[in-house]
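Input sequences plus hints: build the corresponding full structure.
Chain order of the listed sequences is D and H. So for the first sequence, my numbering puts the first residue at 801; every next one is plus one. So for the second sequence, my numbering puts the first residue at 3; every next one is plus one.
Cβ pair distances, simulated, as ranges:
#, chain 1, residue 1, chain 2, residue 2, range
1, D, Ser868, H, Arg318, 52 to 60 angstroms
2, H, Asn11, D, Val826, 31 to 39 angstroms
3, H, Leu483, D, Gly1001, 35 to 43 angstroms
None of these hints come from the bench; they were simulated from the model. Please read all numbers here as calculations on a predicted model, not as lab measurements. Even for Gly, the Cβ is constructed at its ideal location relative to N, Cα and C.
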Amino acid sequence: MPSAPIAALKHVTRRYRVPNHGEGAVHAGVRDISANIPAGAFALLKGASGSGKTTLLSLIGGMDRPDSGSLHVAGTILESAADHELDSFRRRKVGFVFQTFNLLPTLSVLENAVLPAILDRRTEARAKDHARNLLTWLGLEHRLHHTPDQLSGGEMQRTAIARALLNDPPLILADEPTGNLDSRSAALVIDLLLALVTDQGRTVIMATHSDQADAVASLVLRLHDGELCGDACPNLSDS
Amino acid sequence: MPQPFRFLNFFLRFNLRHARGQWARTLAVLLGVAVGAAVFSGVRLAIDASSRNLTQGMDLIAGNADFVVTGQGGLVPARITAELLTDPAVHAAVPVLERILAVAHQPEVTIRLRGTDLILEDRLRRGGHAPLDISFAVLTDLLIQPRSLLLGQGAAERLGLSAGDTVTLIGPSGPQAFEIADLLPPRGLGRVEDGFIAVADIAAVQEFLAGDSRDLADGGVADRIDLRLSPGMNDLDREAVLARLSPKLPAQTSLAPADQRRESGMMLLSAYHESLTLISFVSLFVGMFLIYSLVSLNAAARRGEVAVLRALGGPRWLPLGLFLGEGALLAVLGLLAALPLALVFTPRAANLINRTIDDLFLRLPSQTLHLAPWEIGLTIGVTLIVAVLAALHPAWEAARASPREALAMLADTSSHGQNRRITFSGICCLLGAIPLFLLPAALNSLWPAYCGVFLLFVGSALQTPWVLAAAARAMERTTGLRPALFGPGVKLACRSLRRAGPRTSIAVGALITALALYVALSVMIHSFRTTFLVWVENTVSGDVFVTPANAEANEYRDAISQSAQDWILAQTAAQGGQVLPYRRAYLEGDGYPYQFETMDMSAFSTLGSFLFKHGDPGSALPAAAQGQGVIVSETWAVRRSVGIGDRFQAVIEGIRLDTPVVGIVRDYRTRGGVIYHDWDAFIALGGNPRWEGVRIYFPEADNPQAAAARFRAALAAHPAGQGLDVTTGVDLRNLVTDIFTQTFGITALLMGVALLVAGVGVATTLAVRVLERRKELNTLRALGGSRGQIRALIFWEAGIIGLVGAVLGLACGLILSVVFIEVINKQGFGWTFVFSVNWRELGLALPGLLAAALAAAVPATVLALRDPPAEALKER
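In structure tokens, the structure reads:
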């Protein structure tokens, strides 16, 4: 029996104004997207640069609102949620892993990992214990008090994964998480993300244009010019 | 393409296009620079106008005179003119008797009445300044008709008079009508006091002013005799003439170069001008921090681009030139933007400065603004230098980076080592300032102290990095005890500020500098005011003050008539009061003008009191009362480095004085200083016992103020009161205090402007910090940080920056206030005051400053929340 969807998208459209091209100039980030992503899936959003992967990820993550259509993600109706509900959604229901890691340079590895708990006004001491466990699991126990400028790219991304997991969210969103990593680190990160699905039962949605994770993905959504294209998509390597 | 054009071409593409993309912050910095440049140029132009008006006015009055014979505080017998003319080197010798007089029924209009030898005056002025150029018929009228004069066009227009009309002037003995023989054309002498001048034959003026006719015998008297030497004389010839003529003059007169008075006036004004220049420069200096902040931000943000340029073969000087050029361009654009601001600001500044000079220093002949190319050039030069200096460090940093280093560099790396270097440099600046503050007394120049002030500003600003880090650490620890209460914003703000780069820290220097100036001037003004009020109450004692009309403007040359003296004595006795007559002579010595005042020291010590700075009042007053010494003002003593026991030596009205200084007292009435000598002792030496002013006391009256008002009304109604100024002590003290308050108008204005520019600086700094950390802030939003938490973070940053600025500004300001009081005021103006801090006022300023810092954070919060959190996903 298929799992209930953790993310249900119906006719989702998001347009952006094109800067310096007059009032009416818009380009569609994504257009009329409808899809269900089951809980516990390792889903890939694939497409060339500018195809709308990041836009769709930001909509699913409650970082942006659609112009039309509806998004139900982890029990939250995102298109009608108030700002504070979206804040809470991002804190508790999703964890983000960015391509450029987005660690705060002024905070240590441990403090970066514990950041979601601080934002959620939770007890820092308990959150730190949890963060230590996560960082140890990720092989960063010797880097707890280092700052991001003292880490390698793979270590930075593992710190970002620890941060994404701290509040125990059911959904992990990863935007090109291997884009800035060497092949060995990239493989390690994909293994970790896969472990979140297989060992911990979380859902991972990963935007990527590489084929590295194709073999382990349970679902692949292909995008072209902001639309889902399925098998009709042009070959990525061609584009 | 030649190298400079290639550079320009590159500059336009690399820097200008980038600036266009960041128009808001560029505009904010331009505004700061423009205000600074406008204030600096406005004040300099106003200063130039006052100096120019003073010198031109004096030159117009003096004509082409080379030397002047004066009476050492008294008058000059006019008969010696003839003797002087017998010397072949003397081309013209003109006796001059001048008074500033009110017009009857229009006391607000005053006219300078100049009594002169009309023929010799014309001779004096020919060949240089415009001659009198009056027709023979008018000249005859003026010589034959004793009550006729030439009236300047300014006065004629104001009074609606023309040739043939009469004008009534109030002299020391009462009103006198004069027939206007003709109008003086607006050139040469006719331009003096903007045409508010009247010229008459000296005999007519002698008769009008003589009152009791005691000075009319033997050719009468003059204030001075202006001498013009024959053409073609060099300095050696002039010195020879000076040596030859001096012994021929009567004992009570002296011969001196004509420009000596102008020079002493300028010397008196120089400290005031210099201090205004300093304060106005602070606004420009604060603008320098803004330029530093912007250029260093651009240099840091574009380090990657610089690296690419270098990797493509660009020379090391290229980034240096580009960022220095950016600083210079900001200065040029700021100067252009300053033009309209300067047009509005300059006349107001000139008005305030002229009023202060008029009230405090000396009568300014006119208040005309001139567009002085030198001053405009100075502003342009100073602004450019300041801007290039501000851009030097970031430009050098950009040029230093090798292509590999710059490309590999991560954003916002640790600045710990750099901070240590900055702190050390700051300590060096602070230590370097100390000897500069001690130098003025030795060198007799304020410029070392001014340099020290700027080293103090820079040194304090350079302490910001570690103080900011320490404050953030302390704040993080304190608020960390109750995280639920303070929220995550404070922790993140503290973390960010602990590792804030020197750019952010030094930008706080703008705030520190402006606040330090505010604190220092506030403390100085409060100290001054506190001491001044005590001085007014004690030394400006008396229930009624009577002087000849416009006595101050006429340098107390007139006496109160015998009939008025008799009336005053009788009326005062009838009311059980006491009189304290005094004389004032205006003298010059050691390059400064000063006053010599004689009064009954014994009576004064019971009716009023001096505020002693040095010397024992218990012994000094009796000694002075017995003529065994003089009491001198602090200003006189400081300007001449005189102490207790040193001797005062001068020749006054032919009386040679050589007497010890027995006391040094505070005095804020004169800028050049005053010598107090006992009345009876001076009379005993042969001094003239005439009253040039009198203080009247009613110590026994139940209500001295009412008694004073009655006395004043009675004297005003009596014929003896004509030609006299009668003021109650209360009114005079209020007037003196009001003038004192007004004189700080320009200071308060400049202080406000500096704070305004600093406010722009804080707002820009915070906005720049947000722009720099846009990705971090968006990440926080993406991780679920609410808008409120982001706002709190920025407001905490603003609060901590404001607090650090306030603490360092307060510390720097308190040090600076001591420097202002004990070094700059003492050396520049010759006076000091009791150090007194109005903690309440400063305490109120602190929350105000924090509120302003928080208000300055509002644009930054708007900027921070403008983008959706999805921006965090963008790769850049």
